[in-house]
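K.L.:
Make a model of the complete structure from these sequences and hints.
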Amino acid sequence: MIIYAIYFAFTCFGAALLMNLWMIATAEGIGDRVLALDTMVINSIAILILYGLTQGTEIFFEAAMIIAMLGFVSTVAYARFMLRGNIIE
Amino acid sequence: MSLFLIAALPFLGAVFPALLIRAGRNASSMAAGSVTLLALVGLLINAPAVIRGEVITARLDWLPWLGLNANFFLDGLGLLFAGLILGIGLLIILYARFYLSREDPMGQFYTYLLLFQGAMVGIVLSDNILLLLVFWELTSLSSFLLIGYWKHLPEGRQGARMALAVTGSGGLAMIGGMLILGNIVGSYDLTVILQNKELIQSSPLYLPALILILLGCFTKSAQFPFHFWLPHAMAAPTPVSAYLHSATMVKAGLFLMARMWPVLAGTSEWFYIVATTGLVTMLLGAVIALFKDDLKALLAFSTVSHLGLITMLLGFGTKVAAMAAVFHIVNHATFKAALFMTAGIVDHETHTRDIKKLGGLRHLMPLTFTIATIASLSMAGIPPFNGFLSKEKMLEETVHTVWMGSHYLVPALAVLAALFSAAYSFRYIWHVFMGPVRHSYPAHPHDPGPGLWLAPGFLVTLVVLIGLFPNTMVGPLVETAGNAVIGGGHEHFHAKIWHGFTPALYMSMIATVGGIALLMSQRRLAAVWDAARRPEAKEIFDALIAAVTRASQWFTDALHNGALTRYAAIFVVFTLALAGYAYSTGTMAAPTREMLPVSAMPIVGWICIMGATACVVAFHRNRLLALVLMGIVGLVVSMGFNYLSAPDLALTQISVEVVTIVLLLLALNFMPKETPVESTPARRIRDVVLSVTAGLGVGGLIYALLGRDFSAPSIADYHLENSYSGGGGTNVVNVILVDFRGFDTFGEITVLGIAAVVIYALTEAILSSRVRARLLNRVMDTPQAGDAHPLMMVVATRVMMPIALMVAAYIFFRGHNLPGGGFIAGLIAAIAVIMQYMASGFGWAAERQRIPYHGIIGSGVLVAAVTGMGAWFNGLPFLTSAFGYVHIEPLEEFELATAALFDLGVFLAVVGAVMLALESLARFAWQPGIIPEHPMDINPERDEDGPQTSGQEA
Chain A
1 MIIYAIYFAF
11 TCFGAALLMN
21 LWMIATAEGI
31 GDRVLALDTM
41 VINSIAILIL
51 YGLTQGTEIF
61 FEAAMIIAML
71 GFVSTVAYAR
81 FMLRGNIIE
Chain B
1 MSLFLIAALP
11 FLGAVFPALL
21 IRAGRNASSM
31 AAGSVTLLAL
41 VGLLINAPAV
51 IRGEVITARL
61 DWLPWLGLNA
71 NFFLDGLGLL
81 FAGLILGIGL
91 LIILYARFYL
101 SREDPMGQFY
111 TYLLLFQGAM
121 VGIVLSDNIL
131 LLLVFWELTS
141 LSSFLLIGYW
151 KHLPEGRQGA
161 RMALAVTGSG
171 GLAMIGGMLI
181 LGNIVGSYDL
191 TVILQNKELI
201 QSSPLYLPAL
211 ILILLGCFTK
221 SAQFPFHFWL
231 PHAMAAPTPV
241 SAYLHSATMV
251 KAGLFLMARM
261 WPVLAGTSEW
271 FYIVATTGLV
281 TMLLGAVIAL
291 FKDDLKALLA
301 FSTVSHLGLI
311 TMLLGFGTKV
321 AAMAAVFHIV
331 NHATFKAALF
341 MTAGIVDHET
351 HTRDIKKLGG
361 LRHLMPLTFT
371 IATIASLSMA
381 GIPPFNGFLS
391 KEKMLEETVH
401 TVWMGSHYLV
411 PALAVLAALF
421 SAAYSFRYIW
431 HVFMGPVRHS
441 YPAHPHDPGP
451 GLWLAPGFLV
461 TLVVLIGLFP
471 NTMVGPLVET
481 AGNAVIGGGH
491 EHFHAKIWHG
501 FTPALYMSMI
511 ATVGGIALLM
521 SQRRLAAVWD
531 AARRPEAKEI
541 FDALIAAVTR
551 ASQWFTDALH
561 NGALTRYAAI
571 FVVFTLALAG
581 YAYSTGTMAA
591 PTREMLPVSA
601 MPIVGWICIM
611 GATACVVAFH
621 RNRLLALVLM
631 GIVGLVVSMG
641 FNYLSAPDLA
651 LTQISVEVVT
661 IVLLLLALNF
671 MPKETPVEST
681 PARRIRDVVL
691 SVTAGLGVGG
701 LIYALLGRDF
711 SAPSIADYHL
721 ENSYSGGGGT
731 NVVNVILVDF
741 RGFDTFGEIT
751 VLGIAAVVIY
761 ALTEAILSSR
771 VRARLLNRVM
781 DTPQAGDAHP
791 LMMVVATRVM
801 MPIALMVAAY
811 IFFRGHNLPG
821 GGFIAGLIAA
831 IAVIMQYMAS
841 GFGWAAERQR
851 IPYHGIIGSG
861 VLVAAVTGMG
871 AWFNGLPFLT
881 SAFGYVHIEP
891 LEEFELATAA
901 LFDLGVFLAV
911 VGAVMLALES
921 LARFAWQPGI
931 IPEHPMDINP
941 ERDEDGPQTS
951 GQEA
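Read top to bottom, the protein sequences are chains A and B. Heads up, the final residue of the first sequence is numbered 89 in this note's numbering, and it's a clean run with no missing numbers. Heads up, the final residue of the second sequence is numbered 954 in this note's numbering, and it's a clean run with no missing numbers.
Hints listed in this document are in silico derivations from the structure and should not be mistaken for laboratory results. Check before you lean on any hint, since a few could be wrong.
[What the hints assert, rightly or not] Selected chain B positions facing chain A (in silico; Cβ < 10 Å):
no.	residue
1	ALA612
2	ASN622
3	ILE632
4	VAL658
5	TYR760
6	LEU762
7	ASP781
8	PRO802
9	ILE803
10	MET838
11	ALA925
[Unchecked claim] With the C-beta cut set under 10 Å, the calculated list includes, among others, these residues of chain A facing chain B:
no.	residue
12	ILE2
13	TYR4
14	PHE13
Yeah, the Cβ is synthetic: ideal placement off N, Cα and C, and Gly gets one too.
P.N.:
See the structure below:
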């Protein structure tokens, strides 16, 4: 039963990725695009965990954790760049 | 003494004069002298055996698979030359001690001299032509240093450059010739080559090899038309000229012709090339020498002339002529070294070398006069001095020589050359020492101390003794050396002053009488000579060099004009051409692998990566947007690594991605946000065509590779099998990095550290220049938001820091068995620290950073190195890892591996390098006005008195 749930989730997150891509390509201004990229990172984390579930392995957990931790940093860097132009003042 | 030691002594001893100069000039010259004396004694110990006809060898395999072996042998020819080099070297060392002034760096001089001496001894003792070539090049290099010894004189520098250019390019030709010769025979050992005369002379490659080798010899021995460098090399100090141009450098070419004589000589090609060149050089040098007013220039052209004489004798190809050539080599070395030294004495005492300003010195410098007169008369070929004996032999040989069917051409020209030779020799006596005493010398001349006249005095004693008793003095030596030149057979050497009324005697008389007559009319002839238009060798050479320089500059500039797009285009075109050639000539097997089915998620990833790439192309002029789009590519690539079972790569990719974004954002701060349109439409079309072709090519290549098995077995299986048993870890990637390929990793962290330090150094250089002021007065092109250090961000990063460091530690420790390791952990730790810089600012964070990043890099490399060296104490090679399992209650059994220590080194180096690079870039934007007292813009500890702010708003 769970496999159907996983497939459903895959479909949703896959569609989300494509929408993110669409957003990055077409959005007005840079702010929305950075937000879309950040969302894309979050969706990727989910897909990675789902892939780990289908394969029955824990090996992708750390990768997901690090993407979660570090994706935050690059978004913050973009935000600082947009607000102040200088990310380390 | 072993031949190895004789050849090595000058090189080993070369350091002593340079070191001992601190103890004074005597100590320095004594050091050089004792080294040379030791080598000379070592050589003389071997002399009796060589004179008996033995050949002494010393063999050592160096690079046998290349045919390059350190083989030495000593036969008669080698003995003669090594004796000349070391013996005259000793005299020169004595002479130079008193010749050089206090301002000249004497230690340097003796070091160069010994290096040169070692290279020369190496040439004459080598039994391997490749080894000989190495020494040959060494003489070119060390003579360059010697000729350019007076660095402050432009003539010295130009002369040294010219000598290096001419002899160096000749050496290049000779390398080709020697390789051909070695290929014909199938061995690079000289003794083997010398046995194969028929094989070499019947080979179709004989002529090319001959011409290439002769090019090397002719340039070195200053034969026409390469003679022009030798007079310009006279800008060197006189001891150098005396050494290089009497006994050593220029004799190297003659030595090689003599050495190769048994296999190369005897053909008509040899005769016409070598004998004709020698004859022309002899005549030309003699004529020019007569009209030179500079003492050393006169001697230089006389040297050219005498070298031509010896070359001609070798070129005749007869055994008697070869013997005469060897005899003249000895005689020329003795009188010419003495003459150069007297010229140096005259220069030293009168402060001029211009013959027109000299004359009448015989009363003021009687001793120098005697020495110079004996040596000059010997050079002129007057009995009873040694020059007469060998000149007679030369003239005798010319009588028997037929050139293109003519019996008279060679003897006639030889007499003419001898006539000029007599004239310039007499001129050296007459115009310098005879005549009235002048009162206009630049300095008051008198005879020098024994330090300067001992060496030439000794040499002219030899000149007289060899002239009177040739057979006792040098008979056995010349005979052994001559027989070594001839190769097979035995030729007897006999010389005497009175031969009876032979043609040679008449020719000598004509030359002497004519020489005197010529000297009488020298002044009038010189006026005609000076008025005549002649090609100036130096101008031609300079023009040639300038043309070559212009051509290579044009070529370099055309390829390398500073535009990155051009390098990329050239690279791509060249690669495409190579690939096209490989594709059209190679064969490709049919696909052997089935294509795998594609599921839905990889297609989504594919769409993302292709879409992002297409967007980069479309939006690449907006740099920030391009960076965001590259973020998608990085993310999808990382996901792809995960999907394809490479979690280590995925972790690395994602952490490198973050660091890259931080780095590029730091740089973008100072760059235009838009890329302007710079190239023409035609060029853009060219670039599109090139890049699309290259991209399709690479794509096609990868597609082809994926469908086929590798032609060679993969090394992956070996690593998989041995990772746990050999390296003690189950994560093969990490074991490869820290164990199998530990040495690579060690090199890489070193390079990483160097790169970071270079970035730091560049930053320092830029910030200490005028750029600093412009950076400080910079006005941001976009409006800035109010919060420099927002509260939310500061709090979030402070909370994140320990978590991130914990993750780094976790990733580090598990790395040996599960995805992770020092590199990834280092990146994560660096990012954790960068977050603090971003949140609270450079000034605040840098104040709290107490350990300098340079130190962290250094300690990382050091930890890795010390870990690697630990293996030595167990008698194992560098970086051999060790591991064991430890069980301490109540813990589970765990593993301890030296690889973890090595990984710690990697971790530290990565943290230090990333932080140093980013911190350096961040310093460009740092403004001294904003060092906040508090980590954030608002001080949360504010008291009742009212809001306190800090930082920019303050």
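K.L.:
Taking the hints in turn, state whether each one holds.
P.N.:
Hints, one by one, checked against the model:
1. Hint status for ALA612 (chain B) relative to chain A: holds, with the closest Cβ pair at about 7 Å, below 10 Å.
2. A hinted interface residue such as ASN622 (chain B) counts as satisfied when its beta carbon comes closer than 10 Å to some beta carbon of chain A; here the least separation is about 8 Å, so the hint holds.
3. The interface hint given for ILE632 (chain B) is met, as the beta carbon of that residue sits about 7 Å from the closest beta carbon of chain A, less than 10 Å.
4. With a cut of 10 Å, the hint placing VAL658 (chain B) at the interface with chain A holds, because the nearest CB-to-CB distance is about 5 Å.
5. Annotation: interface hint on TYR760 (chain B) violated; nearest CB of chain A at approximately 15 Å, more than 10 Å.
6. At its closest, the beta carbon of LEU762 (chain B) sits 18 Å from a beta carbon of chain A; the interface hint therefore is violated under the 10 Å criterion.
7. A least Cβ separation of about 8 Å between ASP781 (chain B) and chain A falls short of the 10 Å threshold, and the interface hint therefore holds.
8. Checking PRO802 (chain B) against chain A: minimum C-beta separation of about 12 Å lies over 10 Å; hint violated.
9. For ILE803 (chain B), the interface hint holds, since its Cβ comes within 10 Å of a Cβ in chain A; the closest pair sits about 8 Å apart.
10. For MET838 (chain B), the suggested interface contact is upheld, since its CB lies about 6 Å from the closest CB of chain A, less than 10 Å.
11. Because the beta carbon of ALA925 (chain B) sits about 5 Å from the nearest beta carbon in chain A, less than 10 Å, this interface hint is met.
12. Violation of the interface hint for ILE2 (chain A) is found here, the shortest Cβ-Cβ separation to chain B being roughly 17 Å, above the 10 Å cut-off.
13. The interface hint given for TYR4 (chain A) is broken, as the beta carbon of that residue sits about 14 Å from the closest beta carbon of chain B, more than 10 Å.
14. A distance limit of 10 Å between C-beta atoms decides the matter here; for PHE13 (chain A) the minimum to chain B is near 9 Å, and the interface restraint holds.
Violation of the numbered hints given earlier is confined to hints 5, 6, 8, 12 and 13; the remaining hints are satisfied by the structure.
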